[in-house]
Amino acid sequence: MSGSFFIALVLAFLTAIGGRDQLLIARLRAANGSRGGLPLLVTGIACALATGALAAWAGGYVDAMISDAAETMLVAFALGLAGVELLWPNREKHMLEPTRSLGAIGLVLLARQVSDGPRFVIFALAANSGAPLLTGIGGALGGALAIVLGWSLADTLESLPLRPVRLGFGIIALISAVVIGLTARGIVV
Numbered sequence: 001m002s003g004s005f006f007i008a009l010v011l012a013f014l015t016a017i018g019g020r021d022q023l024l025i026a027r028l029r030a031a032n033g034s035r036g037g038l039p040l041l042v043t044g045i046a047c048a049l050a051t052g053a054l055a056a057w058a059g060g061y062v063d064a065m066i067s068d069a070a071e072t073m074l075v076a077f078a079l080g081l082a083g084v085e086l087l088w089p090n091r092e093k094h095m096l097e098p099t100r101s102l103g104a105i106g107l108v109l110l111a112r113q114v115s116d117g118p119r120f121v122i123f124a125l126a127a128n129s130g131a132p133l134l135t136g137i138g139g140a141l142g143g144a145l146a147i148v149l150g151w152s153l154a155d156t157l158e159s160l161p162l163r164p165v166r167l168g169f170g171i172i173a174l175i176s177a178v179v180i181g182l183t184a185r186g187i188v189v
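Letter by letter, the sequence shown follows residues 1 to 189 of our numbering.
Calculated from the structure, these hints are not laboratory results.
A few of these clues could be false.
Unchecked claim - Pair ranges (Cβ atoms, derived):
no. : residue 1 : residue 2 : range
1   : L149      : W88       : 12 to 22 angstroms
2   : L110      : S67       : 28 to 38 angstroms
3   : S152      : V114      : 47 to 57 angstroms
4   : P161      : G186      : 34 to 44 angstroms
5   : A69       : T156      : 40 to 50 angstroms
6   : G3        : V165      : 18 to 28 angstroms
7   : L182      : G37       : 47 to 57 angstroms
8   : L162      : V42       : 22 to 32 angstroms
9   : P161      : F6        : 23 to 33 angstroms
10  : R91       : S152      : 19 to 29 angstroms
Note that the Cβ used here is the ideal one computed from N, Cα and C, for glycine as well.
Please build the complete structure, drawing on both the sequences and the hints.
This is how it looks when you write it as structure tokens:
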């Protein structure tokens, strides 16, 4: 059971590297200088914890409702969505005048995180692990750690090779989705 916590923690963190939410926090911190301090970090962490908990709750809810075969296909579908999201290029424009409203930043972060790869991974793990609480805690902490990393590396985050990392994790997620889906259908044993 504790394996669910660590797997969710690591996978949520790794799949969040270079994500839209992490880049937003880094850009806002870099643009706002000292004003992009602790309140921005707390807002980012709170959003990551909330969306991680929501994804785990949804996974646990679905786990109780469907059969094991349907659950496995759902996991494959969620991993496939995570893979597509990770492969999708991030072509956001830099903000001309960054907002200083933590409420607006929080809403944007929540909207981005609800449909991103790490939350799909948390959902899939919670639906399949039988331990949605531990999965949710691990996944939420992994997402929060990614936010902390983006905040910490504000000026240097975008100089790192984020795109190849996301492509690699996206390919791994898609391959995993195909293998899990074929296993659920009985094609691969």
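- That 19 to 29 angstroms hint for R91 and S152 (C-beta), does it hold up? Distance hint for R91, S152 holds at roughly 24 angstroms.
- In this structure, is the beta-carbon distance linking L162 and V42 contained in 22 to 32 angstroms? 24 angstroms, holds
- Query: Cβ-Cβ distance between L110 and S67: within 28 to 38 angstroms?
  - Reply: With a Cβ separation near 32 angstroms, L110 and S67 satisfy 28 to 38 angstroms, so the hint holds.
- Could you say whether the range 47 to 57 angstroms given as a hint is met by the Cβ separation of L182 and G37? 49 angstroms, holds
- P161 paired with F6, Cβ distance criterion 23 to 33 angstroms: 26 angstroms, holds
- Task: Indicate whether the distance between the beta carbons of A69 and T156 respects the range 40 to 50 angstroms.
- Result: Given a distance of about 46 angstroms, which is inside 40 to 50 angstroms, the answer is holds.
- Task: With 18 to 28 angstroms as the target window, see if G3 and V165 comply at their CB atoms.
- Result: 24 angstroms, holds
- Message: Can you tell me whether the CB distance of L149 to W88 sits inside 12 to 22 angstroms?
- Response: 21 angstroms, holds
- Message: If I claimed the Cβ atoms of P161 and G186 lie 34 to 44 angstroms apart, would that claim hold in this structure?
- Response: For G186 against P161, whose Cβ atoms are near 40 angstroms apart, the range 34 to 44 angstroms holds.
- Okay, S152 versus V114 on CB: inside 47 to 57 angstroms? 24 angstroms, violated
Of the numbered hints given earlier, the model fails hint 3 alone.
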